[in-house]
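Line order of the protein sequences matches chains A and B.
The numbering of the first sequence is numbering that gives the first Met the number 0, which starts it at 0 and goes up by one.
The numbering of the second sequence is numbering that gives the first Met the number 0, which starts it at 0 and goes up by one.
To be clear, the hints were calculated from the coordinates, so they are not data collected in a lab.
Far from chain A, some chain B residues (derived; all Cβ distances over 10 Å):
id: 1; residue: D11
id: 2; residue: V299
id: 3; residue: E317
Simulated pairs of lysine to aspartate or glutamate, DMTMM-like, Cα-Cα distance not exceeding 20 Å:
id: 4; chain 1: A; residue 1: K355; chain 2: B; residue 2: E65
id: 5; chain 1: A; residue 1: K355; chain 2: A; residue 2: E27
id: 6; chain 1: A; residue 1: K355; chain 2: B; residue 2: D64
id: 7; chain 1: B; residue 1: K355; chain 2: B; residue 2: D370
id: 8; chain 1: B; residue 1: K355; chain 2: A; residue 2: D64
id: 9; chain 1: B; residue 1: K355; chain 2: B; residue 2: D26
id: 10; chain 1: A; residue 1: K6; chain 2: A; residue 2: E317
id: 11; chain 1: A; residue 1: K6; chain 2: A; residue 2: D313
id: 12; chain 1: A; residue 1: K355; chain 2: A; residue 2: D370
id: 13; chain 1: B; residue 1: K355; chain 2: A; residue 2: E65
id: 14; chain 1: B; residue 1: K6; chain 2: B; residue 2: E321
id: 15; chain 1: A; residue 1: K9; chain 2: A; residue 2: D313
Note that the coordinates shown come from a computational prediction; the quantities given were computed from them, not determined experimentally.
Glycine included, each C-beta is placed from N, C-alpha and C at the ideal position.
Protein chains: 2
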Amino acid sequence: MSELTVKAEKLDAADELAGKRAEFVLDEVVYLDGNSLGALPAAVPDRVADVVRRQWGSLRIRSWDESGWWTAPERIGDHIAPLVGAAPGQIVVGDSTSVNVFKALVGAVRLVRLAADAGVRDEIVIDATTFPTDGYIAESAARLTGCTLRPVTPAEVPGVLSGRTAAVLLNHVDYRTGRLHDLPALTAAVHDAGAISVWDLCHSAGALPVGLDAHGVDLAVGCTYKYLNGGPGSPAYLYVRRDLQDRFDSPLPGWNSHAEPFGMRPDYEPAPGALRGRVGTPDILSMLALEAALEVWDDVTVEAVRAKSLALTDFFLECVQEYVPGGRVESLTPVAHEERGSQVALRCADAGDVMKRLIERGVVGDFRHPDVLRFGFTPLYVGFGDVERAARVLGEALG
Amino acid sequence: MSELTVKAEKLDAADELAGKRAEFVLDEVVYLDGNSLGALPAAVPDRVADVVRRQWGSLRIRSWDESGWWTAPERIGDHIAPLVGAAPGQIVVGDSTSVNVFKALVGAVRLVRLAADAGVRDEIVIDATTFPTDGYIAESAARLTGCTLRPVTPAEVPGVLSGRTAAVLLNHVDYRTGRLHDLPALTAAVHDAGAISVWDLCHSAGALPVGLDAHGVDLAVGCTYKYLNGGPGSPAYLYVRRDLQDRFDSPLPGWNSHAEPFGMRPDYEPAPGALRGRVGTPDILSMLALEAALEVWDDVTVEAVRAKSLALTDFFLECVQEYVPGGRVESLTPVAHEERGSQVALRCADAGDVMKRLIERGVVGDFRHPDVLRFGFTPLYVGFGDVERAARVLGEALG
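Could you build all of it, start to finish, from the sequences and the hints given here?
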């Protein structure tokens, strides 16, 4: 038994979250792709069966009231809220992340222009290394609001902010490198420039503390199928800080965001609160699967998850150092804890082929074009023994 | 046994679609609310269970390829296509109807402005009696594209078209009255004015022939949870006529519409074909439930469905005439077949209370503010005996 195997056993024995793994459907595979699609929470299948057979099949239309379908977007938003440091009443679930980025950015430009001293605010600053959809949607939002796009690295953001900055769209954690950006400092810099901050939490929510309220974030979006385990393409969410809600002016004012949706009135009057982030009829099957998935969080703190996440990625880097031939991979993931999300990205010339070999050997991560091996660590169901095995198999695959 | 009961039995005995009812989960209730939420097709529960347990739970991330998740939006679009008279490759499924109305209207304004002789096209004509969300979203599309909104009744549309008309958004069937509008003539009038037609098919698709290709419709949207029985909030769809696809310029260019979505390229390049109507990650649970639901159409023609639909609504009006005390209700639904969708709307001063009494007695329709009783007839699972019973119970409730 190697030294690292012994260490893994000790770490697993001391892991206070170890019991959570039993709340997921898992097998002998080491699943390090939860940052792409979270594993299936064990509570989901029966819940979905009930939604389909009883709520839809038997109660049918009555379920909009009796099964709480109508209020699901805000109810489930409130379930997500503590995971991202938000008080209730500020998050609604629905639509894809891309659609929510669009709502948030157009909404942000409109918000900033409401100020009496707004001046000309016609620049949207985005993270040049962002997940591409954010950039594509930002380009569209810019075009429709008469703005131009300014792509820079997050480190360059403070230097480019000016009286022309309308909004700044940033990723909390970079999807390729796993780098965690400094949300409090960057949000403060955006505010100092009189602009609106929009954060994409796809790769941080459920993996580490976000502190939306504490840091005064204006708007935020995120998906729910990564660390929140909501299922493939499960609905995303939109956070609008409470004191901005009355002025939030959505470019997608569907009937679900109306103050009186069943009044069927020809004139639009937005609902108060987070509700005005809703658009059309909510996607109930996916949404209620997500609701069941979120129950695994009921007895867990994000702080405990973060502590384990850092221990997992530390241990993975230690095992890689030990098992992988020198020079074969290069870590893109920051060493400093305060700069690291819950994934490790290793650059490797033949990453595509290597990932295929890993998957054949029961270690599932993913490949990101052109040369990145990406391993996500979901503290609720990944253990230290998994980490040791993954690094060992990686060493063998690269040997 | 009354004359109408005998007639119902004869009509049911001669109904070639009568056997389809067994493909749905139904009970003793007369369900006339399929134009709000279609009943559960019997194939759906097992399919959804397989998607959740095996595809997500066991294959996990591999299902994006191996279970056909990634291509679901266009594959399911092609399954809907024959129901609305479209050749394959022109429909993608995803997002809500509201979001698709937004894509279609902004896309329409951009399309019309591409013409060399476009001139100033700055008016969007909409149906003043439309389902409200279409009007709210149209107002947003107008605001973002520098247009003004011109709400008129569908009958007034030809008279207001001009060289300033950019796009015309119409409902094929009115959600309140059940009136079927003349899609071929109105589309031709819109084209004569050099404008783009956008049709909302929510209340017609699956109930009657639409003929999108045959009538040269430019863009269309529709939901899938009414006559297509896709389930609560199941994803909507967008039709872009083939010869417009290369110029269709979506305001929601998410990464799923990119020519090379996994290239993760910073610059947006739209995919060819209908794919460019996609936005973000597709909502797999709801989408694959819809795919299972659509299988009931595999051995059915829309023409047969239409013939039965008209027979059902004719018979309902006949029974109402017989059973309901004179003057107690007023039909808002056109008598002429060519002007009638698949629902009957009855105006009744105390409609809200009356619908409650009907539901208590096992006849489920719905109430539309302020004074409309709405009854939808889904030919795949509603029989003539149901119709007779519904009218009889209505007569008793009003007696």
